[in-house]
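A.B. asks: Same order as they appear, the protein sequences are chains A and B. Numbering-wise (numbering that gives the first Met the number 0), the first sequence opens with residue 0 and increments by one. Numbering-wise (numbering that gives the first Met the number 0), the second sequence opens with residue 0 and increments by one.
Just so you know, the hints here were simulated from the structure itself, not pulled from any lab data. Since the structure is predicted, the reported quantities are computational estimates derived from the model, not experimental observations. Using N, Cα and C, we set each Cβ at its ideal position, and we do this for glycine too. Hints are not guaranteed to be accurate.
Said to hold, decoys possible - Covered stretches of chain A, going by a simulated chain B footprint (3 or more residues, C-beta under 8 Å):
#1 101-107
#2 379-393
Unchecked claim - Heads up, incomplete: computed chain A residues facing chain B, CB under 8 Å, no partners named:
#3 LEU57
#4 ALA60
#5 LEU335
#6 ARG490
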Amino acid sequence: MSEAPHVEVKGLTVTARNAAGEMFPIVSDIDFALRRGEVLALIGESGSGKTTIALTLLGHARPGATISGGSIRVGDAELTKLDRSALAQLRGNRIAYIAQSAASAFNPSRTIMDQVIEPALIHDLMPRAQAEAKAVELFRALALPFPDTIGVRYPHQLSGGQLQRLMAAMALITDPELVILDEPTTALDVTTQIEVLRAFKAVVLERGATAIYVSHDLAVVAQMADQIVVLSQGRIREAGAAAQILHAPADDYTRTLMAAAHPAIRPAPEKIALPAAPLLEIRGLTAGYGKIGKDGRPRIPVLRDINLTIERGATLGVIGESGSGKSTIARVIAGLLPPASGQVLLDGEVLPPGLQGRSRDQFRRVQLVFQNADTALNPAHSVGRILARPLAFYHDLKGNAARMRVLELLDLIRLPATLIDRPIGGLSGGQKQRINLARALAADPQLILCDEVTSALDTVVGAAILELMAELRRELGIATMFISHDISTVRAICDDILVLYSGTMVETGPRAAFGVAPFHPYTDLLIGSVPEMRAGWLEESHAGAAPPPIGGTGDHPDLCRFLPRCAARVDGLCNTTPPPRRPLAKGSQILCHHGDESLIPS
Amino acid sequence: MAGASSASGMSAALTLIGKRFASSLLTLLLVSLTIFVIAQLLPGDAAQEALGQSATAEQVAALRHEMGLDRPAHIRYASWLTGMVSGDPGQSMVANMPVAEVIAERLPNSLLLAALSALVAVPVALAIGIGSAMNRGGRIDRALNIVTLSMVAVPEFLVATVAVLIFSVKLRWLPSIALVADDMTWGEYLRGVAMPILTLSIIVIAQMARMTRAAVIDQMDRPYVEMAVLKGVAPVRIVMRHIMPNAIAPIVNAMALSLSYLLGGAVIVETIFNYPGLASLMVNAVTSRDMPLLQACAMIFCAAYLILMLIADVTAILANPRLRAQ
């Protein structure tokens with residue numbers, strides 16, 4: 000006799016009301032089943048309905064949507080037949096939820112402990128003291144720092160990775176039979192993601208709970224799932240065992256997703272004979288916030304001693320985790336943040352440090368493309384109006400001439416001319432990002448600074464934007480600074496790469512140097528933390544291993560910034576002497592005491 | 000470690016509150032200067048007013064000298080300010096008795112009326128605001144919206160007049176004039192002030208309820224509220240334990256603004272019900288050019304306003320863990 004599935008969804012349909020008041024399905028005909036202790040992954044892009052489906056397993060639909068058909072069975076409970084109070088009895092008790100962004104899913108005004116033990120208290124499962132003891136035990140199991148006292152803290156005092164693990168503790172406090180994980184690592188840096196994934200795998204999955212893991216990232220899912228359901232536009236495209244989907248996908252859409260996850264390496268265009276001076280040069284740049292002290296450093300330094308050059312038509316990739324100062328470099332070049340010391344040279348001439356003093360032509364030649372097109376473009380303005388503005392400002396183009404140029408720009412970014420009178424608010428995320436790019440191109444710049452232009456987009460849409468940028472570069476020969484947290488994207492499209500850690504350049508070099516070991520220990524960690532699309536990678540990866548113990552560190556401001564996390568640090572050297580900048584045989588320069596011989600080959 | 004950090008956070012919050020208190024005092028000083036200057040700009044003075052139209056210029060000058068009105072402005076300001084601080088804001092020129100005594104007679108009446116009105120209005124406003132936020136878009140919400148919107152729109156003299164018409168003229172339940180005498184029992188007093196309280200409450204409830212609704216709804220779409228729903232937390236507990244700690248600062252701020260109206264803005268209500276409060280006293284002081292009394296009343300109203308704002312800001316500091324614990 001085969002065991003009845005623990006969770007079974009049949010013919011599920013969720014409908015929502017559109018602006019005209021008509022009901023339309025946002026997900027339909029969803030069927031899946033999983034046995035006790037299995038992990039099922041829901042994979043898809045935004046708008047595929049994966050979170051909607053995950054929430055129905057808690058009997059919940061977001062405001063405006065209703066579960067309108069099908070059955071959802073968890074154990075002996077048929078969720079579609081339960082009323083509000085019966086559902087409340089299940090939620091946070093037998094079925095637990097781990098939200099996408101723990102930073103906003105924790106109440107900012109209440110302590111962590113208060114929130115973590117709340118499910119146990121409101122469902123009368125155990126007395127407060129016992130719940131607190133259990134929470135501390137979970138904090139310890141999830142490898143959180145200071146497990147005994149972390150509970151008295153407030154969410155703003157903790158990092159994103161810590162909050163995500165605390166959210167897991169909150170979900171597990173009641174020993175749920177089903178855990179829903181909604182993109183739990185999407186908002187995290189890769190190096191943090193690997194730690195959180197390890198903690199989840201050790202604690203959530205090994206307690207025997209059944210789990211539904213929502214993600215857009217196939218490689219992450221490969222580490223966690225037994226079964227995978229691929230969704231697109233509210234329907235199942237393909238479902239099956241994880242190994243089958245990952246190694247022998249049957250559906251075209253699944254194959255597109257797989258391809259987008261592995262950006263193809265694009266050959267650099269042939270270099271034209273270059274004039275002597277590079278297009279952009281940064282010399283000895285230090286920047287930050289607060290008053291500038293006697294030593295020439297600002298009170299809160301963000302960038303330290305940055306030197307870089309970008310040749311005409313070349314692409315420089317700047318990579319680092321959040322807070323590393325990569326956006327600050329773009330802000331300094333654009334003049335939004337005057338540096339504390341150092342110079343920015345465009346075409347051999349020194350740019351004035353701030354916005355004041357820069358000529359209109361200097362503004363025109365350097366254009367910034369912001370990360371989030373949703374907030375960078377006024378949603379009430381039409382496409383034509385947004386693109387006409389820089390044309391009038393920089394080129395005095397008006398009327399018909401401006402309209403012709405706008406149409407040319409739309410053609411350049413592969414959007415139909417019919418969009419010209421549409422409001423920005425009505426475009427898709429990918430279309431908005433193209434308009435965002437076209438707005439910068441309208442100025443006819445020599446250098447565009449692209450700040451995480453694909454990170455808010457789905458992988459498939461993001462891949463198309465990267466493709467477009469490569470074409471534009473061939474056609475227009477514009478130099479690009481490409482800022483990203485994703486090393487595989489940067490390796491795919493950039494000629495040169497700069498790795499930034501806590502405001503210092505830890506490794507710089509041509510792209511080829513980033514394909515072969517040895518690396519700077521931080522580059523090594525970054526590369527090693529990118530999940531590979533195969534089961535078992537998480538267990539094999541050595542990334543994020545505990546660093547060897549060292550003695551106290553001196554107070555020298557130029558000591559290696561990566562020291563606290565470095566797996567290759569040397570006691571008595573790294574914590575006393577600032578690291579030198581040294582070349583490696585493969586062609587890159589690193590800021591490290593180690594050289595070719597002593598770095599770990601990966 | 001955590002204990003030490005919260006202790007240093009507490010002292011940071013105390014520093015913040017101390018600064019806020021100091022800035023209130025500075026504001027009060029600037030207000031006193033403004034009041035003094037504006038009072039000087041009003042045409043005529045108490046000497047002119049006391050002697051009437053037929054007085055000769057010499058008589059007026061002599062009285063001015065006697066009252067000290069011919070001294071330079073900055074000296075009059077300094078002596079008034081020191082008097083104010085030491086509890087003697089001068090001599091009322093019209094009543095011919097110390098301003099302190101005139102005010103001492105009226106201030107308790109005003110404070111009592113304001114306190115009783117607040118006691119009625121705050122719980123009702125909170126209940127309406129939270130109730131309609133919890134039923135957002137539903138029938139109860141729409142009904143309460145219509146009620147509060149019409150309450151905001153109706154002027155207080157109309158509310159008061161209609162109330163008199165219903166409760167005094169037709170039903171004969173309540174007196175149309177709020178008499179206050181020393182030998183009244185609490186029951187008699189409450190019967191007397193029932194209609195002024197009703198009128199004042201209606202005015203401020205509407206404003207406070209709408210701000211409360213807005214503050215609660217602003218929090219309701221936050222992810223942490225959805226998280227609480229998905230933890231199985233009951234709706235009432237979500238509002239009281241999850242939303243209120245985050246919404247309390249804007250709510251208290253709106254309430255402080257509304258309640259400040261109960262003292263100085265009560266003049267129409269005091270006039271209609273003939274209630275011996277501070278606001279009507281101030282209006283009388285303006286018409287009779289009784290500058291010392293006028294200035295003292297204005298200072299009291301401003302001080303009350305600043306105290307309410309200070310309470311609102313301190314609440315906001317204490318309610319925000321980013322400011323309270325760092």
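A.B. asks: Now, for every hint given, state plainly whether the structure supports it.
C.D. replies: Here is what the structure says about each hint:
1. Residues of the segment 101-107 of chain A with a Cβ under 8 Å from some Cβ of chain B number 5, which satisfies the need for three, so the listed coverage holds.
2. Three residues within the 8 Å Cβ limit are the bar, and the segment 379-393 of chain A against chain B gives 0, so the coverage statement is violated.
3. The criterion of a C-beta within 8 Å of any C-beta in chain B is met by A/LEU57, whose closest approach is roughly 5 Å, and the hint holds.
4. At a threshold of 8 Å, the smallest CB-CB gap from A/ALA60 to chain B is about 11 Å, leaving the interface hint violated.
5. A cut of 8 Å between beta carbons decides the hint on A/LEU335: the least distance to chain B is about 26 Å, and the hint is violated.
6. Annotation: interface hint on A/ARG490 violated; nearest CB of chain B at approximately 34 Å, more than 8 Å.
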